[in-house]
Amino acid sequence: MITFTEPTEQDIRNEKLYADMGLTDGEYDKVIGILGREPNYTETGIFSVMWSEHCSYKHSKPLLKQFPTTGDRVLMGPGEGAGVVDIGDNQAVVFKVESHNHPSAVEPYQGAATGVGGIIRDIVSIGARPVGLLNSLRFGELSEPNNRRLLRGVVAGIGGYGNCIGIPTVSGEVEFDPSYDGNPLVNAMCVGTIDHDKIQKGTARGIGNKVIYVGLKTGRDGIHGATFASEELTEASESKRPSVQIGDPFTGKKLMEATLDAIRQPELVGIQDMGAAGLTSSSAEMAAKGESGIALHLDQVPVREDGITPYEMMLSETQERMLLVVEDGSEDKFLDMFEGYELDSAVIGEVTDTDRLELFFHGEKYADIPVQPLSDEAPVYILEGEAPEQDATPYSYGDQNLNAVFDALIGHPTHGSKSYIYEQYDNQVGANTVQKSGFGAGVVRVEGTDKAIAMAIDGKSRYVYADPLNGGKEAVAQTFRSIISTGALPLAMTDCLNYGSPEKPEIYHQLEASTRGMAEACEVLSTPVVSGNVSLYNESKGTILPTPVIGMVGLIEDVNFMAGVEISAGDALYLVGETTKSFAGSQIEKLIDNDIRKQARHIDLKLEYARGMDLRGRLIDGEVKKIAPVGRGGIAIKLAQLSAFHHLGMDVEINLDGEDLFAENASRYIVIAPAGLDLKDGTEIGRLTDEGFHIGTHDLTIDRSIDAISNTWEGAIPQCMTSTD
Amino acid sequence: MKFAVVKFPGSNCDRDMLNAAVKAGGEAEYVDYRETSLEAYDGVLVPGGFSFGDYLRSGAMASVAPITRAIKEAAASGKPVLGVCNGFQILTEIGLLPGALIFNDTHTFISRNEVLTITNNETAFTSGYEKGESVIFPVAHGEGHYYCDDETHETLVENNRIVLTYNDNPNGSRADIAGIVNEAGNVFGLMPHPERALETLLGSDDGMRLFEKMNDWEANHDHIH
Numbered sequence: 001m002i003t004f005t006e007p008t009e010q011d012i013r014n015e016k017l018y019a020d021m022g023l024t025d026g027e028y029d030k031v032i033g034i035l036g037r038e039p040n041y042t043e044t045g046i047f048s049v050m051w052s053e054h055c056s057y058k059h060s061k062p063l064l065k066q067f068p069t070t071g072d073r074v075l076m077g078p079g080e081g082a083g084v085v086d087i088g089d090n091q092a093v094v095f096k097v098e099s100h101n102h103p104s105a106v107e108p109y110q111g112a113a114t115g116v117g118g119i120i121r122d123i124v125s126i127g128a129r130p131v132g133l134l135n136s137l138r139f140g141e142l143s144e145p146n147n148r149r150l151l152r153g154v155v156a157g158i159g160g161y162g163n164c165i166g167i168p169t170v171s172g173e174v175e176f177d178p179s180y181d182g183n184p185l186v187n188a189m190c191v192g193t194i195d196h197d198k199i200q201k202g203t204a205r206g207i208g209n210k211v212i213y214v215g216l217k218t219g220r221d222g223i224h225g226a227t228f229a230s231e232e233l234t235e236a237s238e239s240k241r242p243s244v245q246i247g248d249p250f251t252g253k254k255l256m257e258a259t260l261d262a263i264r265q266p267e268l269v270g271i272q273d274m275g276a277a278g279l280t281s282s283s284a285e286m287a288a289k290g291e292s293g294i295a296l297h298l299d300q301v302p303v304r305e306d307g308i309t310p311y312e313m314m315l316s317e318t319q320e321r322m323l324l325v326v327e328d329g330s331e332d333k334f335l336d337m338f339e340g341y342e343l344d345s346a347v348i349g350e351v352t353d354t355d356r357l358e359l360f361f362h363g364e365k366y367a368d369i370p371v372q373p374l375s376d377e378a379p380v381y382i383l384e385g386e387a388p389e390q391d392a393t394p395y396s397y398g399d400q401n402l403n404a405v406f407d408a409l410i411g412h413p414t415h416g417s418k419s420y421i422y423e424q425y426d427n428q429v430g431a432n433t434v435q436k437s438g439f440g441a442g443v444v445r446v447e448g449t450d451k452a453i454a455m456a457i458d459g460k461s462r463y464v465y466a467d468p469l470n471g472g473k474e475a476v477a478q479t480f481r482s483i484i485s486t487g488a489l490p491l492a493m494t495d496c497l498n499y500g501s502p503e504k505p506e507i508y509h510q511l512e513a514s515t516r517g518m519a520e521a522c523e524v525l526s527t528p529v530v531s532g533n534v535s536l537y538n539e540s541k542g543t544i545l546p547t548p549v550i551g552m553v554g555l556i557e558d559v560n561f562m563a564g565v566e567i568s569a570g571d572a573l574y575l576v577g578e579t580t581k582s583f584a585g586s587q588i589e590k591l592i593d594n595d596i597r598k599q600a601r602h603i604d605l606k607l608e609y610a611r612g613m614d615l616r617g618r619l620i621d622g623e624v625k626k627i628a629p630v631g632r633g634g635i636a637i638k639l640a641q642l643s644a645f646h647h648l649g650m651d652v653e654i655n656l657d658g659e660d661l662f663a664e665n666a667s668r669y670i671v672i673a674p675a676g677l678d679l680k681d682g683t684e685i686g687r688l689t690d691e692g693f694h695i696g697t698h699d700l701t702i703d704r705s706i707d708a709i710s711n712t713w714e715g716a717i718p719q720c721m722t723s724t725d
Numbered sequence: 001m002k003f004a005v006v007k008f009p010g011s012n013c014d015r016d017m018l019n020a021a022v023k024a025g026g027e028a029e030y031v032d033y034r035e036t037s038l039e040a041y042d043g044v045l046v047p048g049g050f051s052f053g054d055y056l057r058s059g060a061m062a063s064v065a066p067i068t069r070a071i072k073e074a075a076a077s078g079k080p081v082l083g084v085c086n087g088f089q090i091l092t093e094i095g096l097l098p099g100a101l102i103f104n105d106t107h108t109f110i111s112r113n114e115v116l117t118i119t120n121n122e123t124a125f126t127s128g129y130e131k132g133e134s135v136i137f138p139v140a141h142g143e144g145h146y147y148c149d150d151e152t153h154e155t156l157v158e159n160n161r162i163v164l165t166y167n168d169n170p171n172g173s174r175a176d177i178a179g180i181v182n183e184a185g186n187v188f189g190l191m192p193h194p195e196r197a198l199e200t201l202l203g204s205d206d207g208m209r210l211f212e213k214m215n216d217w218e219a220n221h222d223h224i225h
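Read top to bottom, the protein sequences are chains A and B. Using UniProt numbering, the letters of the first sequence map in sequence onto residues 1 to 725. Using UniProt numbering, the letters of the second sequence map in sequence onto residues 1 to 225.
Think of the hints as simulated: they come from the structure by calculation, not from any bench. Here the structure is a predicted model, which is why all the values come from computation and not from measurement. By construction, the Cβ of each residue, glycine as well, lies at the ideal position given by its N, Cα and C atoms. There may be inaccurate statements among the hints.
Said to hold, decoys possible - Stretch by stretch, here's where chain B covers chain A in the computed footprint (C-beta under 8 Å, at least three residues): (1) 213 to 220; (2) 359 to 373; (3) 484 to 495.
To be verified - Residues of chain A placed beyond 10 Å of chain B at every Cβ, according to the derived structure: (4) F4; (5) E377; (6) P674; (7) H694.
Stated by the list, open to error - Chain B residues, not near chain A, derived (Cβ > 10 Å throughout): (8) K2; (9) G48; (10) D54; (11) I94; (12) D105; (13) S134; (14) C148; (15) N182; (16) E183; (17) E195.
This is chain A alone, in the form it adopts within the complex:
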């Protein structure tokens, strides 16, 4: 008896229904080859999500293979829900970054909220308790009402989920650029801690072991979400709003606690969260890793309403769900435990010796697919990149009104205070936050110890656009600098590759060259890649700037050195590192030229490492009080930010041209320390004072009051957001 009316195998073939689900003709033929017959409707849907870019990395796999993924401290690299890195004493840190760009573009609150929920479940499914959240955001300029709407919604969504579930958001970064108009980037990172012996893998093994479903009842939300995430955004994307899932942080919280409880039980065999492609990817991936088959009885799946078909069930991306494999006979113990948390749960299947994913609904078979090819034989496309023409025109900003440039940059949302954003995130719940959002990396103490985890996230898309290879290196190096600046030893990183369509040769070149640069930086800076995510087809009105986002964690052995350090008037300011006329991808270039010249950028990674480690040592020893990497907007903006943040004046003389204050060379720091220090490659440039902000150069003088600097910096985002929309 056919329970549901669905297109037949012939309909799918003749009307090319597979194409609507995102499969190409070639991929459809490959499916037929694997099955030895034409796929039915449910099977076609399953292949389409498993072979989507989001799940299979079909355009990025060869590039991701470049990354170093091993190291002395790496306990688990890419391939599982998140990476795991040793921090000593049988403890480890677990982390990953993930994008939720497309959903956030059409439904900012829920798109961002479910992005946070999803990355938390990735960490929890390893068995770790989340201790910190971070986010990296990109929007178009806030002069556009739609970008203000998106910012409001995304920030409220991140806060709405993270605050409720009770994990502190301790750091983040945001940049505003017209290339993100209508295509915001929302990358969320979660960091957790775990004991070595609790590390779980998403695996299904042991014939006869039971498959348990726990969490929210499955509804018809988010169907084909993974496919949607792998398409370009168009006018029609608005109609994809039903592809966006709805977050339920309350259930998420219960599920998190229940999962951490379940992980302590010896009868647990494997666990995986139901994220992108829901029940399909979690069951198929667990079976593939366990080299087993899996049979699911879909009539047992808790559902929100009657009439949900196997197709819809398998493709639904209803949030707050986990799939467990437990030893045969122990299932009641788990079901009782979940009952105690007031969560829906059910035994929905068992591990089999068939090596096939078999789906039954009231006894009728709806899918029968060999697991390995479904999970591991997604097509891989190696495309051709094409390097664009270089532009060697030298830069000259000496005849610009550089005082006006200074005011414009310090008052731009990209450089101004982000308190409007981070004050909407609970950044201290858990009572272990040593350094919260506001200036640089977050630092969270490992509960019950003197150790702390430093965590940072950053991206440098304008540099990557100007010079993909060196820009890729700089993206990693910039995050390295943030970690170093807390005194932590950088351990490892995660990455989220946000790019346009890889099918365009120039975009593929950006992807290929920048990942090559990133890989080299990881090698030299000793920060292997342990997890990551790819978000391609970020095209709306145009193509976004190539935006690899780097999340990094570091270890502080004894965090108590951070207590009692006070920055005060009289402290000396040092500039460490060389400044040249490096303007490709800079903020002054954006302001004045409204363009990015495709011109070489420069970074010496060995120097970067040596300098960073040297300064880190001095910070821990108490020789210097603060190290602040120089980033967007150059020396002038970093000094202004320090002045505003600490509400102190500065008296600075720098032996450079005025325009050089805005140059953006790599590997530079402003260091605050007692006067008279001999810093390698460093120059003392002035003092902190109680009044007035002054920078003098060969041909430019900037003089402001402390209040003027602070007010401009603090008002950068609020002054945009108070416009009535």
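Position chain B relative to chain A; hints supplied.
Just chain B, lined up with the frame of chain A:
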């Protein structure tokens, strides 16, 4: 003193609250919201978070949980009852404290360190502070605007029940009120988080004295009244 940390589904400051009580020298245990008695405990701590998700109204669902009756009994018997953030919202919902907590005037969640003034140090909770002393506690709430009618406000003022005020009101609370006590002085609700202010390394240790005084309740309370 042995404290109960009442745990609702969605409580998320429960561990911080338990740690604070223990750090102050007390004993503390979690008590599930489905329990019906708190007789085994000398004091009750209602932690922050989002009880039942707060999808209805902050604290509204918690107010009909089985444990509620026991919290009221503990309060009536003179045991100290402390409600922080969502705990304060719950204490107003169940009528142990007057007024209500409504959306912040900004209509956004606010998380930052606030400077507060101890306006009444003659309670057994705040006797460790100087009157008029400035303290720093973090706040983290979306619905922290303390609202009450004129009559209630007058009563609070007359009976010296306003214990804590904001120096730079973040949420629009009436008369900058951050925390109040009941008439008997044994129920204290406040929006800021003293349990997150126990160490200078984390930004402030101003909350420690509150928990120390609660742990010394009998002597302290007799001294005050």
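Status of the hints after comparison with the structure:
Counting residues of the region 213 to 220 of chain A whose beta-carbon sits less than 8 Å from any beta-carbon of chain B gives 0, not enough to reach three: the coverage restraint is violated. Coverage of a stretch by a chain is defined here by at least three residues with a beta carbon nearer than 8 Å to that chain's beta carbons; for the region 359 to 373 of chain A and chain B the count is 0, and the condition is violated. Check result for the region 484 to 495 of chain A against chain B: violated, 0 residues qualifying (beta carbon to beta carbon below 8 Å, three or more required). Here A/F4 stays apart from chain B, with its beta-carbon at least about 33 Å from theirs, past the 10 Å limit.
For A/E377, the requirement that its beta carbon stay farther than 10 Å from each beta carbon of chain B is met, with the minimum near 42 Å. Here A/P674 stays apart from chain B, with its beta-carbon at least about 22 Å from theirs, past the 10 Å limit. For A/H694, the condition that its CB be more than 10 Å from all CB atoms of chain B holds, with the nearest at approximately 30 Å. Every beta carbon of chain A lies more than 10 Å from that of B/K2, the smallest distance being close to 21 Å; the non-interface claim holds.
Its closest Cβ contact with chain A, about 8 Å, brings B/G48 to no more than 10 Å, contrary to its assignment away from the interface. With 10 Å as the threshold on Cβ separation, the claim that B/D54 sits away from chain A is violated: the shortest Cβ distance comes to roughly 8 Å. Here B/I94 stays apart from chain A, with its beta-carbon at least about 20 Å from theirs, past the 10 Å limit. Consistency note on B/D105: stated as away from chain A, and its beta-carbon is indeed over 10 Å from all of that chain's, at 13 Å minimum.
No beta-carbon of chain A comes within 10 Å of the beta-carbon of B/S134; the shortest separation is about 18 Å. At the 10 Å boundary, the C-beta of B/C148 stays outside the reach of chain A, the nearest C-beta of that chain being 25 Å off. No beta-carbon of chain A is positioned within 10 Å of the beta-carbon of B/N182; the least distance is around 27 Å. B/E183, annotated as away from the interface, keeps every beta carbon of chain A farther than 10 Å; the closest lies near 31 Å.
The claim that B/E195 is not at the interface with chain A is violated, since a C-beta of that chain comes within 10 Å of its own (minimum 7 Å).
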